[in-house]
Each structure stands twice: as structure tokens, then as C-alpha cells.
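Keeping the supplied structure of chain Y fixed, place chains B, P and X upon it in accordance with the hints.
Protein chains in written order, with our numbering: chain Y, 707 to 866; chain B, 707 to 866; chain P, 707 to 866; chain X, 707 to 866.
All the pointers check out, no bait thrown in.
It does not matter which identical chain is meant; a pair holds if it fits inside one copy or across any two.
Simulated pairs of lysine-lysine, DSS-like, Cα-Cα distance not exceeding 25 Å:
id: 1; residue 1: K828; residue 2: K734
id: 2; residue 1: K734; residue 2: K820
id: 3; residue 1: K822; residue 2: K746
id: 4; residue 1: K820; residue 2: K746
id: 5; residue 1: K734; residue 2: K746
id: 6; residue 1: K746; residue 2: K828
id: 7; residue 1: K822; residue 2: K738
id: 8; residue 1: K822; residue 2: K734
Keep in mind that the hints were calculated from the coordinates and are not lab data.
Number of protein chains: 4
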Amino acid sequence: MVESCLALLNSRGVTFEDLVECVVFLQKPYFKELDMEEVKRCVQSVLEKREVQHALLTGITIDMKAEENDFGNPELVEIIQRDYGLYGIDEVLAYGICNLYGSIALTNYGYIDKVKPGIIGKLNDHNGVQCNTFLDDIVGAIAAAAASKLAHSQEETING
Amino acid sequence: MVESCLALLNSRGVTFEDLVECVVFLQKPYFKELDMEEVKRCVQSVLEKREVQHALLTGITIDMKAEENDFGNPELVEIIQRDYGLYGIDEVLAYGICNLYGSIALTNYGYIDKVKPGIIGKLNDHNGVQCNTFLDDIVGAIAAAAASKLAHSQEETING
Amino acid sequence: MVESCLALLNSRGVTFEDLVECVVFLQKPYFKELDMEEVKRCVQSVLEKREVQHALLTGITIDMKAEENDFGNPELVEIIQRDYGLYGIDEVLAYGICNLYGSIALTNYGYIDKVKPGIIGKLNDHNGVQCNTFLDDIVGAIAAAAASKLAHSQEETING
Amino acid sequence: MVESCLALLNSRGVTFEDLVECVVFLQKPYFKELDMEEVKRCVQSVLEKREVQHALLTGITIDMKAEENDFGNPELVEIIQRDYGLYGIDEVLAYGICNLYGSIALTNYGYIDKVKPGIIGKLNDHNGVQCNTFLDDIVGAIAAAAASKLAHSQEETING
Chain Y
707 MVESCLALLN SRGVTFEDLV ECVVFLQKPY FKELDMEEVK RCVQSVLEKR EVQHALLTGI
767 TIDMKAEEND FGNPELVEII QRDYGLYGID EVLAYGICNL YGSIALTNYG YIDKVKPGII
827 GKLNDHNGVQ CNTFLDDIVG AIAAAAASKL AHSQEETING
Chain B
707 MVESCLALLN SRGVTFEDLV ECVVFLQKPY FKELDMEEVK RCVQSVLEKR EVQHALLTGI
767 TIDMKAEEND FGNPELVEII QRDYGLYGID EVLAYGICNL YGSIALTNYG YIDKVKPGII
827 GKLNDHNGVQ CNTFLDDIVG AIAAAAASKL AHSQEETING
Chain P
707 MVESCLALLN SRGVTFEDLV ECVVFLQKPY FKELDMEEVK RCVQSVLEKR EVQHALLTGI
767 TIDMKAEEND FGNPELVEII QRDYGLYGID EVLAYGICNL YGSIALTNYG YIDKVKPGII
827 GKLNDHNGVQ CNTFLDDIVG AIAAAAASKL AHSQEETING
Chain X
707 MVESCLALLN SRGVTFEDLV ECVVFLQKPY FKELDMEEVK RCVQSVLEKR EVQHALLTGI
767 TIDMKAEEND FGNPELVEII QRDYGLYGID EVLAYGICNL YGSIALTNYG YIDKVKPGII
827 GKLNDHNGVQ CNTFLDDIVG AIAAAAASKL AHSQEETING
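Bound conformation, chain Y alone (with noise of 0.2 Å):
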């Protein structure tokens, strides 16, 4: 499944090498060197998860019905193209990804989230035909939780 959800991350513009360097930014601080390849092994074992397949096949599948006007009532549908800043939705499918991966996950989404670096940057100015209101939290959080990961990995390595 793996697969299918790469193909959907490519299909509304967000690669491997997007979330690889949301990573970076993240975890840049509290490393001299990052090992580059330890960093995609992070994202890849995030995206394995089946937790996380699930909230990314369903978040970005109700973006793509919203934008074709074809989630429900109005009200709903308009909410979410305008990724309307009360509607919260989207961050609590963030979350579920984040809990997954303890609190430094939670903490490195919030800051992510208000921050929009890279690709979260542009996924947010969209230009109104595509609606990226689940997939920027969803991209923010895989992030983050592969820089939680990479954080405890690290550790191990220096104190195991």
C-alpha cells in the first residue's frame, strides 16, 4: 500500500524528496551532520505504518472530492475548500499520525504547521483549483513524525 500512497503524495505535487527535506528543516538544529540516508529511512518506515496510510488515503481522497464539489452538503464543502481556520479536522488527523509517535512528533507538527517550509509553504499558497487543506497536515506530520523518530534513533545510537 506503500505504493498507492506515493503515487497519491506525486499525484498532488508532494515527492519523497518534499518530505525528506521537511525533515531536514526540522531536525537540522540538533545535529552537526544529518546522515542523509538514515533521514529517508525514517520517512519510508512513516509511510509503512498502515495507521498512517490510512489517515493519508483518507485525508487527501476528502481534498479531492471538496474540490470537485462532491463531499456533501455545501456548507461542509465550502469550509474545506477554504481550508477555513476553525474547521479542525485536518489537524486531528495529523494528530493521529503524530500520537503514533510520541510527543517531540506533536511538538515538531505544531511548530511545521506554523512555520511552512518547503513544500508545506507552497501546498498552502495553492492557487485555488487544488485543495491541499488535509494534504498540508498530512505531509507536516509524516514529517514529524519521522523527525521524532530520527531523534529517539539517534539517541540510541549515541547512548546504546
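Just chains B, P and X, lined up with the frame of chain Y:
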């Protein structure tokens, strides 16, 4: 928006009274006599919360689109239609509701989701025509939230 | 650190076997035959997780300090000693464990916390000498997490 | 109980005004002019919530016991004194507060926890005499919760 939420619940077979019954199921063991007006006020108050409304509208809309075989890739549609045990996004949305009402709400939800009293059992034993994958969890979460609100408000009456 | 966690559990009256029994209670309905070696591996794996160890050590230490009337202001000590129903920090710590194992773990925890099988019931009916306010929730959370891990791992065996 | 919470905060170097400043930091970008009376009402309202009070009292008491080398095994005391990066129980308590205020509160918390404005930075750079491991996260969580409440209440003023 509370009216459109109740209308949507009704159209899927859930009444306000069903929600009240679930709260009674949860809180009866802790009270000699339940104040039914207070129970209703708690249910109403939960339904008036914006985040609850968003979760309810989003979750039930996913059910309806899955039922129409119109929610993204066929594998995801099948997972939702079958209410596959390891698909947890319905629970993630339910926790988004419960979290707003504190730890008692979460415990209540876990319990009601296993025991499946009243309408929750009926929704779960559906005939296969209507997809209730998100609906039963949302009903459980609203009841659990209202029961937690009741527990806190009664305590204030006693101690306040 | 897993040894000091197990030693602390033992000193408070909880054995590894007690944890295994709680997992069996939770998962028996879903399996014709439970692989007891796999159940034990799941419990062990949960206990080896750093965040779980931190929650366990912190929670049980609070119990012990409250028991000694040596945990801050007397009102707080009394709340913890009496396991006051609206004090939810013990559950908050438990959710910190369960969240790492996904939504099945949270539902399992809510259920086991209400039904109180085996050791959890014993801890809850304590004689008043030992304070188990955090301990019973931590035991429930570890069992719920291990049961969730078991559910996911068995699924992989069947489908993989 | 709100008075004893504020007294405890004061005794650890945090004033009501410090909390207000953190909320202003979080919400300024979203408002032309902030209603300072409304900001104060939001902070006060968060402090009056029972679960918030319990988290605050419990967390600060752990800080104080760790500071006195009197919180269980020496390894745990050292972890808390050093505010070890992979000890996440302080964040778990903070999330217990934020969850009550919805997804905006969680995002705000993640952001403020990284940027450390005002009092949070001061607490974090403490001189090593006072242990602020839980305190800085609790302050951040209260501010994040109040900011979320403010965002929701202003919206109601505009749309209501």
C-alpha cells in the same frame, strides 16, 4: 449548524433520544436518580460545539460517499464499507470529539465502543446497505462527551 | 531500564504474568487460539519503549509520594490518595502510552479501565495502605497497548 | 482552587501577566487590535478549569520534588532535573490541557514550545537552581489554550 447536524443524524437513523439513552447507559451506575433535563442539556451542548459539528459532518459524509462507491481508490472504499478492524480513522475522529471533554470522555468512549448499547449496537449490525463505519463512533463519542459533561456538572452541584 | 520498571511494578504488587493475563482478557474474544509466546513478546516490547518506561516510573513515583503524604499541597495529596473520580492526570499519562499504539489501544484502555479484570480490580480495591491511583491506569494502558500490538501483528501473519 | 494555582505559579516566578503576554504573542498576527480584557478573560477561564488545575498542581509538584532530589529513583530525578529531551511526560501533561481546547490549541503549543517567547524562554534558561521541566510546558499549554479560546470567541463575535 446544529439543526443540519441533527437532520443528518436523523437521516442516518439516529435520533436525539438515542443519544440521550446512551448517556443514561453510561451514567446510570453513578447516580441514584438521573436528572433527564440535565442529560438532554448536556447532549444539546455537545452538539452545539463547532468541532463536534465538523467531525460529525465530515465522518457521516465519508460513510455516505463510501456507500456510493465514490470515495477514492477501491481498496479504501472497501476498507471503509467493511469497517475493517485495523482502520482507525473513525476512532481518530471520535477522539477528536472526546478529547475536548477530558479523560472521563475518553474512557467512556472506549467502554461504549466495546459494549455497543442501544443504537450503537443497531448501527453496528447494519444490514449492509447503509455504511455506518464513522457514524457509530461519532454517536459513541457524542454520548461519551455528554456523559463526561454530566459527571463534571453534577459534581459542581454537590460541591459548589 | 526495563529491569528497574519491572522491579518497581513487582514492588507494587504487579507481575509480568498479571500484564499477560490482562492482554489475554482483551484479545481472547478475537482469536480461536492465542499464541502465548507472542502475547509475552508484545508485553515485553511495550515495556521496552522509552516513553512507556518514563510514564511508568513517573506515575508510580507520584503514587508513592502521595502515600507518604509528601507530594505538595495537602489538597492534591488527598485527591490522589482517594483516586478522586474527576482527577484525570492518571488517565492522561495512560493515554500518553496508548496513543503510541494507535486507536485500538485507546479503545482497549477505555474498556479495561471500566471492567477492571484481574490485577486491575485488585489494585482498585486496595486496602487503603498502598496508593494505586496511577498504577492501575498504567497497568491498563500497558495491557491495552500490548493487545493492540498483538492485533496488528496477527493481522500481518494472516495477510502478509 | 484557582487562587492556589496562581499562588504556586507566582512562587515559581510566573505571573498572570506573563501568561497574558504569551497569548498576545500567539494571537497578534491574526488580529488588527487585540481586546486585552478579552485576552485576560480567556486566561482566567483556562485557569478555572478543573483539569487544568490538576495538571498544573501535579506538574509543578514534580518539578519541586525533583529539585529536592526526592522523586523516586535517582535516574528519574536526573532525567527530570536535566529536562532530558526524550523525556516526554511534561509534554504529555501539556497535551492533556491543550486537547480540551481543540486542535488550534495543540498547534499553538507546538509552536510556542519551539520558539519560547517571554517567560517560557526565561524558564528554559533557568540557572539550574529551580527545576522548570514541567513548568515551562504548563505555561505554554495554558497560553496555547487561552489563545485558542480567543480565536474561537472572536470568530463568534464576527459571525454571530
